[in-house]
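So the sequences go chain by chain: A and B. Residue 1 is where the first sequence starts when you use UniProt numbering, and the numbers rise one by one after that. Residue 1 is where the second sequence starts when you use UniProt numbering, and the numbers rise one by one after that.
In short, the hints are calculated from the structure, not lab data. Just so it is clear, CB atoms sit at the ideal spot from N, CA and C, and this is done for glycine as well. Fair warning: there could be bad hints in the mix.
[Claimed, not checked] Some, not all, of what chain B presents toward chain A, calculated at C-beta under 8 Å:
id : residue
1  : Val286
2  : Ile289
3  : Val293
4  : Val297
5  : Ser304
6  : Leu306
7  : Gly425
8  : Tyr429
9  : Leu432
10 : Ile436
11 : Phe473
12 : Thr482
13 : Val483
14 : Ala487
15 : Gly488
[Claimed, not checked] Just the calculated beta-carbon pair ranges, DEER-fashion:
id : chain 1 : residue 1 : chain 2 : residue 2 : range
16 : A       : Ser323    : B       : Gly177    : 33 to 39 Å
17 : B       : Pro468    : A       : Ser264    : 42 to 48 Å
18 : A       : Ile124    : B       : Val268    : 30 to 36 Å
19 : B       : Phe331    : A       : Ile96     : 51 to 57 Å
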Amino acid sequence: MSEKTTPEPQALGDDSAHVAADTQVPGGTTAEAVASDVVLDTAGGQMPPSAVPAATQRRGRDHDRDGGGSVLHQIFTGNAMVSFLSVLLAIVLGGILMAVTNPKVALAAGYFFAQPGDLLTEVIRPYTALVQGSIFNWAGADLAAQLYPITETLTVATPLICAGLGVALGFRAGLFNIGAQGQIIFGALFGAYIGFAWHLPIGLHLLLVILAGLVGGAVWGGVVGLLKARTGAHEVIVTIMLNYIANFLLLFLLTTPAFQRKGSTNPISPFLDSTALFPELLGPQFRLHAGFLVAVAATVLVWWLLNRSTIGFEFRAVGANPSAARTAGINVARSTILVMAIAGALAGLAGVAQVSGTEKYLSGGVAASIGFDAITVALLGRSTPWGTFFAGLLFGAFRAGGVAMQAQTQTPIDIVLVIQSLIVLFIAAPPLVRAIFGLNPRKKKTTTSGTAGSRTGGVKSGAAA
Amino acid sequence: MSATTQSPAGKQPGTGKGTGKTTGANRAGSRGGTTELVSWKAGVGLGLLAILGTVLFGFLANTKSAGFRIAEARDPNASSTAAWITLAVALAAAAYVGFRWISQRREGGGVDRWIPATTIAAIVVLGLAALGVARVEKITVPSMVFGWICSVLLLALAAYACFLTVQRRKVPAWVGGSFAVVFLAGFMIWIVAGGRDPEPSISLAGLMAGAVTLAVPLVFGSLSGVLCERAGVVNIAIEGQLLLGAFSAAVVATVTGNVYAGLFSAAVAGALVSLVLAVVSIKYLVNQIIVGVVLNVLISGLTSFLFSTLLTADPEHLNKPGRLQAVDIPFLADIPIIGPILFRQSLVGYLMYVAVIVVYVGLFHTKWGLRVRAVGEHPQAADTVGINVNRTRFINVLMGGAIAGIGGSFFTLVSVDAFSKDMSGGRGYIALAAMIFGRWNPIGAFLAALLFGFADNLQSIITIIGSPVPSQFMAMLPYALTVIAVAGLVGRSRPPAADGIPYVKG
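Just chain A, same shape as in the assembly (with noise of 0.2 Å):
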């Protein structure tokens, strides 16, 4: 989080741009600030910007930007405001989808002049499942059956949040990791295999299996740094590629004796050794495993090695100009390689996590589709580790809840996606947000051209000056 101690990779980016950028971000408007952010970014237009902006990752950034805005209105532009809205807003979107949807609200809507209430009772009901699905079920009998829904979400949110990890490093060093899918697969099979085929005292047979995991997500992560560093070929096709491989080879695997289960038909695995499992944290009427205490030791690692360590640093230079890293003596294929294996070996942490802790078993569906979340979870974190941690509770909530409002309501658990999609669309465009709710500062008229009030001429005139 605090990248006070070390010196900012941007400082190495394009000279020119970055002076504009500095020159200009006092003062400016908000639009101004993107437009340079994006010069920034892409070091005047020569290339391709990561996938994170670098320029929001910065802390007291937003602060430079407002200068002489009081305490107030920053708290109303921040990036926090921001993060706050766009959840709010895609909640209402989703509650309006819904709304427009259900047959009930239809008939409610009939006589809404009569009684507005029942309608409004029609599209929160969902909610208040998600709700009581995901933190606390008021409903409950006894105290456990109130706190059930909390450590579903944690459990559900421990895979997320190691995928996300690695994707989220990914973003830093300027790679687009669209392969979690595959990456966590590979981490399942190898641990998966460990957890069953060998028998091993307690203790050392789960360090095996997550040491099992973790090297067979770097590997599939690995190759694609690999072919990356050494022959240019695209990430994200090589990704998108090894994952359905990845897949195919585990539904063939499944078939094969070695994995499948005696004595049946259905391609699933034996289940895992009791000694391979992780040790369950509040009991066996929760499923909430050690595994999520893995999760949070992942994070504290992830933001060791990006903020305090020199391989971190190296990949955040990396990820701010390529080019600039080269020259600056920066080890760019070595960099390359190196950060998607970690990143493999993240997501493999979470298949780990799926076949060892949640299911205990490895079954074709193991990485469900948290390897795409994991991208979202990443880009709601803002690839920073912490931010990527609560991105993932986040998720995990929407996850766990959304099954309970499926089951209470009948309302799809696709809405899900929907709101979770929306919600990272909206942060990724504060100035959206903002122009939605018409937070934007129109405070001066700094050229005679633009309006400060309109998007596009401010952009255009702060570039311009």
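Fit chain B to the known structure of chain A by using the hints.
Just chain B now, with coordinates in the frame of chain A:
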């Protein structure tokens, strides 16, 4: 990343690529000059594949024969006439193009880019027409003998590539091309001969026709990608455009009772997805890849949600579109083999040909196309000469979306006559791969998409006749092929220079 060195020898004349387009290809790295380090990639890669081929086609071959059924004409007389005429036309074309090729080579100048490809195409058509004229019903090939012949050829080609590398000479394109053809032939014979029947055979015409059909959404998707990326906007949202196109085609066609209205609405739906992409990424300068990925998730969630709530509740009135029937083009459809493959398509299929040609001609032979490419390569320069960069991008992204939307209608109006959850099944991503495989060129993307369609259809046919390879590996094939191609071949091509970089005037 050894690609920073530029060959001092510069461009070689006579490689057939010497148009102005290749000037930026300095990333191709080691080419030509004797002082350069010649890459071993081709030699080693071909060598490994040749060994693999030898093991599979030679050592693992069985004694069965492989059959390829050919003629399935409905009207033998019309078919025969068409075959003769095609034969004559193909012969004339092959002779003319071949003559142009030889005479241009003799003059010592570069050969026009289109000539080698056209010659090969003409010869292939000639061969197929000859088969039709001879009324060959079925080709039967002893797999063992042909397997070994193919293995020896593969090994020889790989050895030649290695020899050239030792001599520090560039491996010419024809080596790779003929290697691919021989490998494909050997693979087909081996895999068909491995079928369950004592005399396994597959229908070649059926294989090809199915490949073209399966390729239709891929082609539309990759054309969408070409249009966007040539203007400098990365379009990952192809998947979402296809899916929403499929959805709205199904719903609108059912509600209005008119499939053409469905087709039109599919284009509108695709453009709608593009509109979001354009507004957020061009106006609000958000990273284009992020927007694309998020849009895919959004559309997947949205269509699945609406499907679960509305369409399943009342499929009769919301999810029962009619089908676009296949239409024969009178004379052309009677040509043996080629006719059923190319000229017995639905309206969407014919639109595909039109789209490929229009996009190709538009991009490379019109003023508009030149402007679009300028915007994609060097937006600052384009802006300087008075082109509105962001408006050009906006329009291109919208057009791309509309094209992908039409491709999406294929799923619900041609392939299956109802919408189902996530029915595009990741084909948008494959289309993206096809676009990159095809080097950001409409024709290349079209051919790459055909290749994917071919692999897809081959897999389903092989699963039916039974094969020595587990079906999962066959299903893996297109994806593995893409990785190999992207790592081995396309590494040398390059995207438009400003691809993915938002443009800020200044």
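Requested in this report: Could you check the hint for me, namely that Phe331 (chain B) and Ile96 (chain A) are 51 to 57 Å apart, CB to CB?
Outcome: holds, 55 Å
**Report entry** Interface hint compliance - Tyr429 (chain B) to chain A, C-beta minimum distance less than 8 Å
**Finding:** holds, 5 Å
Report task. Mind checking the CB of Val297 (chain B) against every CB in chain A and telling me if the closest is under 8 Å? Result -> Constraint on Val297 (chain B) satisfied, holds at 4 Å.
Query raised in the report: Does the nearest C-beta of chain A fall within a distance shorter than 8 Å of the C-beta of Ser304 (chain B)?
Result: Given a least distance of 4 Å, the restraint on Ser304 (chain B) holds.
Query raised in the report: Can the hint on Leu432 (chain B) be confirmed by a CB-to-CB distance to chain A that is less than 8 Å?
Result: holds, 7 Å
Query raised in the report: How about Val286 (chain B): closest beta carbon in chain A under 8 Å, or not?
Result: holds, 5 Å
Query raised in the report: Is the hinted range of 30 to 36 Å satisfied by the C-beta distance from Ile124 (chain A) to Val268 (chain B)?
Result: Since the Cβ atoms of Ile124 (chain A) and Val268 (chain B) sit about 33 Å apart, the hinted range of 30 to 36 Å holds.
Query raised in the report: How about Ala487 (chain B): closest beta carbon in chain A under 8 Å, or not?
Result: holds, 4 Å
Query - Given hint Gly425 (chain B) near chain A, where the shortest CB pair must fall under 8 Å - result: violated, 11 Å
Requested in this report: Closer than 8 Å between Cβ atoms is the bar; does Phe473 (chain B) clear it against chain A? Give me holds or violated.
Outcome: OK, holds: Phe473 (chain B) within 8 Å of chain A, min 7 Å.
Requested in this report: Mind checking the CB of Ile289 (chain B) against every CB in chain A and telling me if the closest is under 8 Å?
Outcome: Constraint on Ile289 (chain B) satisfied, holds at 6 Å.
Requested in this report: Have a go at the Leu306 (chain B) hint: is there a Cβ in chain A nearer than 8 Å to its own Cβ?
Outcome: holds, 7 Å
When held up to the earlier numbered hints, the structure conflicts with 7 and 17 and fits the remainder.
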